[in-house]
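J.: In this note's numbering, the protein residues as written are 172 to 314.
Treat each hint with caution, since some may be false.
Claimed, not checked - For each label pair, taking beta carbons as the anchor points, the in silico distance ranges come out as:
| id | residue 1 | residue 2 | range |
| --- | --- | --- | --- |
| 1 | Arg-190 | Gly-223 | 38 to 44 angstroms |
| 2 | Pro-298 | Glu-214 | 20 to 26 angstroms |
| 3 | Cys-180 | Ala-291 | 30 to 36 angstroms |
Since the hints were derived computationally from the structure, they do not count as laboratory data. In this text, all values refer to a predicted model and were calculated from it rather than measured experimentally. All C-beta atoms in this analysis are idealised placements derived from N, C-alpha and C, irrespective of residue type, glycine included.
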Amino acid sequence: MPQIRCRFCHESVDAGEIRAHEAEHLKPRPDGQQSEYVTLPPEERAEGDLAGVPRAYVHRKCGAGTGMPEEIIRSYLKDPFLYTAEATYCCGCRRHVPWRECRWVETGEDLETYFRALQAAKPEMRPGPLARLVILLARLFRR
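Throw the hints in and build the complete structure from the sequences for me.
T.: Have a look at this one:
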């Protein structure tokens, strides 16, 4: 059976088992956050010093702080279009909330402005029209 690389752990998995395998990564931890998130494979992530890169944010509606894991930071720095949900997990609300509702602890900048600036710096990575349509439809059906 053909092998597919898992988007979470990056291990090779039989194609017929990938859905069940990835579902395990989505199971909630005790804090409500899913066990793992999609990331770029380690060899494709941004390298180098992360000094000056914000790592923690506060959800302005509940006041709770949440830290962002390094593997996610290094993934979005390399591909700022990787996370199309435009939301991030809030440890206080125990759910995903819009970027615009969160501010980086280190800079005070809201996450939406931050991610839009990263995306503007790498327009060549922007998904094509068909991919953007799929993303839009997925957002509409989630509501």
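J.: Now, for every hint given, state plainly whether the structure supports it.
T.: Checked hints:
no., hint, verdict
1, Arg-190 / Gly-223: 38 to 44 angstroms, "holds (39 angstroms)"
2, Pro-298 / Glu-214: 20 to 26 angstroms, "holds (22 angstroms)"
3, Cys-180 / Ala-291: 30 to 36 angstroms, "holds (31 angstroms)"
Going through the hint list in order, the structure satisfies each hint without exception.
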